[in-house]
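Protein chains in written order, with my numbering: chain A, 208 to 493; chain B, 1374 to 1636; chain C, 105 to 459.
Misleading hints may appear alongside valid ones.
Unchecked claim - DSSO-like cross-link-like pairs, simulated, lysine-lysine; straight-line CA separation at most 30 Å:
#, chain 1, residue 1, chain 2, residue 2
1, B, Lys1494, A, Lys452
2, A, Lys485, B, Lys1467
3, C, Lys290, C, Lys273
4, C, Lys218, C, Lys207
5, C, Lys290, C, Lys207
6, B, Lys1548, B, Lys1494
7, C, Lys207, A, Lys485
8, C, Lys290, C, Lys218
FYI, nobody ran anything at the bench for these hints, they're computed from the structure. Computed from a predicted structure; not experimentally measured.
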Amino acid sequence: MGADTITRTNRVTALAPWLLVLPATMAVFALLAVPVGSTLAESFSNPLGVFENYRRFFASDYNRMVVLRSFWIAFATTAIALAAGFFAAYLIAGSGPRTKRILILLSVFPLLTGVVVRSFGWMVILGRNGILNNALIELGLINAPLSLLFNQGAVLVGMVYLFLPLMILSLVGVLETIDQDLYSAAESLGSSPFGVFRQVTFPLALPGMVVGSILVFTGSLATFVTPRLLGGERQMTLATLLHEKAIISFDWEAANTIATIMIVLTALSLVALGMLAKRLSPKGRA
Amino acid sequence: MQQRSVNPVVAAIGWLVMAFLMAPIVIVIGAAVSDTTYLAFPPQGFSLRWFGNVLQQRSFMASFQTSMQVAISATSIALAIGLFAAYGLARFGKTIPAWFGSVFLLPLFVPEIVFGFSLLKTVIVSLELPVTTALIVGHTIICLPYMVRVISASLSSFDFSIEEAAVSLGMHPIKVFLTIVLPNIRSGVIAAVVLAFITSLNDVAVSLFLTGPGVSTLPIEVFTYVEQFFDPSVAAVSVLLMGVTIIVMALVERTLGLGKAVK
Amino acid sequence: MQSNAVSLNDIVAHYGNSQVLHGLNMSVADGELVSLLGSSGCGKTTTLRLLAGFIRPSSGSIALSGRDVTGLPPYRRGIGIVFQNYALFPHLTVAQNVGFGLKQRQVAEPERGKRVAAMLERVGLSSFADRYPSALSGGQRQRVALARALVIDPPLLMLDEPLSNLDAKLRVDMRSEIRELQRANKRTAIYVTHDQEEAFSISDRVAIMDAGRIVQLDAPETLFTRPVNAFVARFVGFENLVPMIVVERDGDRVICEAAGGVRTTLSLAATGPVGDRFVIGARPEGLAIGAPSNSTIPGTIGVRTYLGRTYQYRIDTPAGPLVANGPFSQPLQQGEAVGIGFLADQCCILPMENN
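Let the sequences and hints guide you as you build the complete structure.
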């Protein structure tokens, strides 16, 4: 043995780190990178031209509207979640330890409940025989049920509901790191309560706002169940359109194209929000 | 030292937002126990018959079985490969570049529906995998990021010099991993398993492409049911699913506190 | 109305259900620096937060320069505060931090810049104006915090343990710097600290606080020589507190008896007639160790500690253990019998307390 064993041990030791990460890397490569890569590649492999699939896709008014709608819904969801989330996060960050614990549990719970269940909740509320319609009829405010589902408002409510917890948790995370004495310092120097928010809380909370916005924006761009159940055929988004092309009309060429558009939009919004974060972020922090 | 008081108007709106988060859940629970054939809230009468109805429906029960089978298998596989990967990344930070860790987060950045569609098109169709296998394969990938991320986080605070101490005292490296490293990152592993399990159990967007004739997961079954029927049995299924979530949340909360697990 | 810069009248304050201030009274004259000294939980920080307006008293009133500010929110009081951890805004530069208060007061730009620059000049940080707080050392941050509080020209400056995060050498330097800045502008200041040396060296007067009350508010010299009760006496170093009763009196010569029946002769004018009970307080250096005699307290030398230049002895006496210093030149051995006398001019006389 001797020298031979030592070299062999050394070789194994040198390879050990890579052997450890190999199985997971292979799984991601073979089952995610290759399939998704082939989807991307196929979308550009029309014999009539590299962008032929895209030319065809964007030639349709309907498709253009779906792209715009998806973008708009993601944007509006992010904006509303940001505004509403700030109030809830402020409340949570400023509560005593017991209340804080309960409120965080209440925010996490919907996050761990399935998307189907959470969207179904809104169907129960907004449906034709739903709670809202029944209440309005009982109060005598309306005679016949309103159609509250399958419109953009319903999709928006469902989306905000879906992603609000992520925003709240991101904001609570950043609000809790702000030194309470900074508020006191600003007040003692003459800042009104709103001034403290504008000059201290807001700029210091920006990193959390960006993280939350990235999660919510990319998430709502990709979500399938909520627009499908609350928006139906009338409120197609990229995700529901992809599903329809792939499963119902078996138009895999179009599905490839939509999939690529979704990936590009996700990547672009990540880059854009990242750049925004860089520009807005408070400087000079280690 | 002492809590700053939140502006009452801000606090009031904050509570309204929290109420918005809770309302649909409360309403679904109420509708599930309503003694009516339609979805009603506040519940009219109290009855568990919709729960009974669910438990008698073969499609729900069969798909629940599939869901559990897929979730357990996918979580186990993801745990095995994810634990190795997280340990490798944390232990050999000098050999493996830091960016390599983000490879395992890729599934988070690809829209699930794109992943599901792509997986179906390439791997599943060409290998003619059976439905259950296909589901396990797909779910393993969406579970992996949680495993690597959460276990890495708990390994980052692990002091590897105690591992060296154990080896220097004559313990075999594999035994060291099992008896020294694992117990110290126990809470991280539990959190990762729970998050992965819940992710798999709730998934629709990937499963949508992988389920086949006769074999379906519970969320897919509920999803298709809701598109056609509108009765309290779905509310009852939802409540049962929430029950699973609550049990699982209680487990995590007891081991390490939820705030940490989710971030 | 007096022309006090600050007056606190019968302040009672609660945190939740626990009462932290029990009827606090204090007034600070114009241009005076008063320290609030006490261990943590004594109510000194609460007092500061009350003055700043971050918390409201349950009862009592607060006046600044004769104006009642009890109901005024912090941002309308105009008090300059230096926080313990400095509380510099991490997202603003040094100049922006210092200019923050001026901006709130709508001081317009050329003027604001000038005042900020002048202030930075005073604290010696002109070349750091465009840096962020994270790029500064502890001492520099301290200076920025001070500049930020002073630039708004506050009627009252409050400092909350401002030096506790600095190392020992810097602490002494900053101490005199703060004192100079305060003196130069005749600024009224309140200084919160738990460090006795710091409080005594910097203040015109020191308020010693305990359990939500001011026990004694006096000039450092007075506190050091004439504490009003056993708490303050112990706080300023009167380690030996011996209860006595006057048994005989002849002019200034008083014979007193301590526990255990031991008697000692004191030359004290301050005690009362025969039968009067009091407590005499002495620092270790306020006791004289000599040969046993009938005018001293008999004792036996116990543990000896070397203090450099002197020895400190623990001495067992019938009146209880005492701590006394003896000269380095004549070390005493354990077990030696000695007589302890009180050096009257270094001792304090306290009233008997009920417990």
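To see whether the hints hold, each was checked on the structure:
| no. | hint | in the structure |
| --- | --- | --- |
| 1 | B:Lys1494 with A:Lys452 | 13 Å, holds |
| 2 | A:Lys485 with B:Lys1467 | 28 Å, holds |
| 3 | C:Lys290 with C:Lys273 | 26 Å, holds |
| 4 | C:Lys218 with C:Lys207 | 13 Å, holds |
| 5 | C:Lys290 with C:Lys207 | 24 Å, holds |
| 6 | B:Lys1548 with B:Lys1494 | 43 Å, violated |
| 7 | C:Lys207 with A:Lys485 | 26 Å, holds |
| 8 | C:Lys290 with C:Lys218 | 22 Å, holds |
Of the numbered hints given earlier, the model fails hint 6 alone.
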